[in-house]
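> Listed below are the residues making up each chain.
Protein chains: 2
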Amino acid sequence: MVKVALLGPSGTYTHQAAEKYFDNLETQFCSTIREVFESEAEKKFVPIENSLGGGVTDTIDLLEERDEKITGEVILGIQHALISDEKDISDIEKVKSHPQALAQCKEIINEYGWETEEANSTADAVENLGSGEAALASEIAAELNGKNILRKSVQDRDVNVTRFLVLNGEPEAEEKTSLILKPGEDRPGLLHSMLSCFSGHEINLSHIQSRPTKEKLGEYFFYVEAETANGRLQKALKCLETYGEVQNLGSYSSAEMPE
Amino acid sequence: MVKVALLGPSGTYTHQAAEKYFDNLETQFCSTIREVFESEAEKKFVPIENSLGGGVTDTIDLLEERDEKITGEVILGIQHALISDEKDISDIEKVKSHPQALAQCKEIINEYGWETEEANSTADAVENLGSGEAALASEIAAELNGKNILRKSVQDRDVNVTRFLVLNGEPEAEEKTSLILKPGEDRPGLLHSMLSCFSGHEINLSHIQSRPTKEKLGEYFFYVEAETANGRLQKALKCLETYGEVQNLGSYSSAEMPE
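The listed protein sequences derive, respectively, from chains A and B. Per our numbering, the very first residue in the first sequence carries number 1; after that it's consecutive. Per our numbering, the very first residue in the second sequence carries number 1; after that it's consecutive.
Each statement offered as a hint is correct.
Label pairs and their calculated CB-CB ranges:
no. : chain 1 : residue 1 : chain 2 : residue 2 : range
1   : B       : 157       : A       : 35        : 23 to 29 Å
2   : B       : 132       : A       : 107       : 53 to 59 Å
3   : A       : 42        : B       : 202       : 46 to 52 Å
4   : A       : 130       : B       : 247       : 45 to 51 Å
5   : A       : 3         : B       : 232       : 54 to 60 Å
6   : B       : 247       : A       : 182       : 28 to 34 Å
7   : A       : 186       : B       : 31        : 34 to 40 Å
8   : A       : 130       : B       : 117       : 36 to 42 Å
9   : A       : 172       : B       : 38        : 44 to 50 Å
10  : B       : 232       : A       : 182       : 25 to 31 Å
11  : A       : 38        : B       : 132       : 33 to 39 Å
Listed next, the in silico DSBU-like pairs over lysine-lysine satisfying Cα-Cα at most 35 Å (straight line):
no. : chain 1 : residue 1 : chain 2 : residue 2
12  : B       : 214       : A       : 147
13  : A       : 182       : B       : 106
14  : A       : 216       : B       : 214
15  : A       : 214       : B       : 94
16  : A       : 182       : B       : 69
17  : B       : 238       : A       : 238
18  : A       : 20        : B       : 182
19  : B       : 238       : A       : 235
No lab work stands behind these hints: they were computed from the structure. Just so we're clear, the structure is a prediction, and the values are computed from it rather than from any experiment. Even for Gly, the Cβ is constructed at its ideal location relative to N, Cα and C.
All chains should be modelled from the sequences, with the hints used to inform the complete structure.
Here you go:
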């Protein structure tokens, strides 16, 4: 068994994404991202980015603050299943879920004219189903609770994808590298100059996010993900160090986008 | 009177910042940033950045979505006052406030050994004071509720400053300009190339924040604030338009940092 700290409760999309990555997962559920980082479980699993919400700022700030090695990433398409004790979709009168999930499944709710009820989490909704009721939640939540999946993937067409990072896991092929860049001074064009270290060595950036240093309004550090690009990234790092401080958070394989 | 939509309730730091900017403010309090943007009040007042929390993503996404003109900015140092019906600090046994404010005033709480109690907002705490109790809140909340300010600025030394934007207000001297940049394609070095339009025309950027386009994971637009720099910004805009779409959100004066 591999003990991994992650956001709970059991049956959420984070749980489903972790099951996708780890064989023999032993879950250690936490209630905040800080608790995940501070857990005594060595391996951790945290969300880094969602296609609708953007970067997960708690994760980025804690990556900067603590010395954990990123060793992998997982991308999960958020697909809500319609879950019930009933066996036939025509017996459903009410659907329960987290308000975000209800908002993401407006089309099917309108099509069938179901009543809706908000729950604290998608997993909670599955645990509290009465007769004539269904929940919108992950497929793993149906399995864990022994419920029926009446229909898979019932969300509207928004692209809802979340990317997760694995901390302190097994080494992988090094395709991309996460870095924290802290400019050494505040002067016109410094970000442009730092980025020239990547473009000068023909290295693609797949992600860049600014975060406040918490020391002064308008003072930032940058979280970036760059192609490892064989030896060229090492040259770019030397170039970056002439402009400020560079924290190397680790290298890992690029996850494939789900269909 | 000037009718302005802003986040409520009355007596919060947003309210205090708006009073600092507008003469004869007529407040229209809303409960979310989206409601502020959708309010029928023409003038709006929204937070854009906090020195501890970073960019306010709801505001950035709504600036991109809606056609409102930024005409000013206000910077407010978040300074908690100790507010009570009591007249003497030695009669205080318990302090109430929003958990964030309690966390920001640990030193004085420990020094006096006060009990603490969490409230829904700093303004709520002031409205529900019993004997021997004090609240940590804005000075304006004390005024609005006819309470005593026992001590000003009791927070620990963290730099806690929030910047706000004024929408559709009176024109000001044009010192800085807010832009949304949408790269026209996804290729290595495109952000670097776009930033070269600013550095090439010697224009300083005071803020840059990436946000997801919500169409595809890893596809971003950028909210930037640039020096207006006389006619040079117009040249930079022409340069930027060769790389993608540029939305000009308006020009305004730079606010001074509070002491």
